[in-house]
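Trainee: Going down the list, the sequences are from chains V and U. Anchor point for the first sequence: position 233 equals 233 in the numbering used here, and the numbering is continuous, going up by one each time. Counting from 1 along the second sequence, just add 1000 to a position and that's the residue number in the numbering used here.
Among the hints, a few may not be true.
[To be verified] In silico contact screen, one side only, chain U against chain V (beta carbon under 7 Å); selected entries:
| id | residue |
| --- | --- |
| 1 | N1009 |
| 2 | V1030 |
| 3 | F1043 |
| 4 | G1062 |
| 5 | I1066 |
| 6 | V1067 |
| 7 | G1068 |
| 8 | G1069 |
Source of the hints: derived by calculation from the structure; they are not laboratory data. The model shown is predicted, which means the values in this text are computed figures rather than measured ones. C-beta: ideal position from N, C-alpha, C; glycine also.
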Amino acid sequence: MSWTIADVALTSRFFLGSAGYPSPEILHAAIKASGTDVVTVGLRRQLGSDNGFIPALLDTGVRLLPNTAGCRSAREAVTLAQMARELLGTHWIKLEVVGDEHTLQPDPFELLLATEALVKDGFEVFPYCTDDLVTCQRLLDAGCRILMPWGAPIGSGQGLLNPWALRTLRARLPGATLVVDAGIGAPSHAALAMELGFDAVLLNSAVAQAVDPVRMAAGFAGAIAGGRAGFEAGLLVPQDMAVASTPVSARPFHL
Amino acid sequence: MNEITVTLNGQAHQLPAETCLAELLQRAGVDAQALATAVNGEFVPRTQRNERRLQAGDTVLGFQAIVGG
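So that you can see chain V by itself, here it is in the shape it has in the complex (with noise of 0.2 Å):
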């Protein structure tokens, strides 16, 4: 079933990083598998050719989603946001601008700065940031459509860390489109965030470091659209005690 993001129609609500892959044929063979139509690129100083990832990924005809990982000022971010436009032809950027080295927790201050400017430039941010509900608010205010909330530390593989805080912006936030990006390690974790009623979930290391990079991206297909299906067909509400299921008349031997 098809939904839009930015005004685009994507059939996939699972996004892919494309880093860390054992090879470009099998970066190329999990992209097919996972059936995503969105797969995230960065950007560094070279001047080189490139080993083969990025004909391979361009290969599989997904839209590129260039990131400004690296980047740790709204200056920084900005720069390098004008440049992915340039060179991948995208006005979509997802937004990283990093406050903290060991968490690698984005800076809320200087990543609404950032998405200040690239509005009023004509991007469409996608930006990094951390559950916080009233951070969230401001950068809808500064005219972000998207949101990609962490789970938990980039990489980490822990899940959702708090997801009374990420189910408080789905509530909170109804017309924001929410994307869980970063810490989710198994399919699991992605079909929860799903449940949560989140729209898409973003992630790579999961994929990408996998004993089997192809397996695990139909894994995480399958519990993306898994968890989806619970979320818009109403999961059942958890009680405290028993409640009988077979319409049973009391005990079978007494009348």
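Got chain V; can you put chain U on it based on the hints?
Mentor: Relative to chain V, chain U alone:
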């Protein structure tokens, strides 16, 4: 003719004064279409590389797309 020294991704280049960014890239033998460029941390679009005259000590950076998360 006056010469200036600029760096391109950390490597020093001797150039005639008033050389433009496009000429630096040509002299360096890089595929200019496959690069995005910045001078002193400021983005310089492809369309402005001919107009952008380089000054002594300028730091020129070229970026390319790579894999990323």
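Trainee: With reference to the structure, classify each hint as holding or not holding.
Mentor: Each hint, compared with the structure:
At a threshold of 7 Å, the smallest CB-CB gap from N1009 (chain U) to chain V is about 5 Å, leaving the interface hint in force. Because the beta carbon of V1030 (chain U) sits about 5 Å from the nearest beta carbon in chain V, less than 7 Å, this interface hint is met. With a least beta-carbon distance of about 4 Å to chain V, the hint placing F1043 (chain U) at the interface is held under the 7 Å criterion. Because the smallest distance between the Cβ of G1062 (chain U) and any Cβ of chain V comes to about 5 Å, under 7 Å, the interface hint for this residue holds.
For I1066 (chain U), the interface hint holds, since its Cβ comes within 7 Å of a Cβ in chain V; the closest pair sits about 5 Å apart. A cut of 7 Å between beta carbons decides the hint on V1067 (chain U): the least distance to chain V is about 4 Å, and the hint holds. Interface restraint check: G1068 (chain U) against chain V, minimum CB-CB distance 3 Å, threshold 7 Å, status holds. Restraint check, G1069 (chain U) versus chain V: the minimum CB separation of about 3 Å is within 7 Å; hint holds.
In terms of the numbered hints stated before, the structure departs from none.
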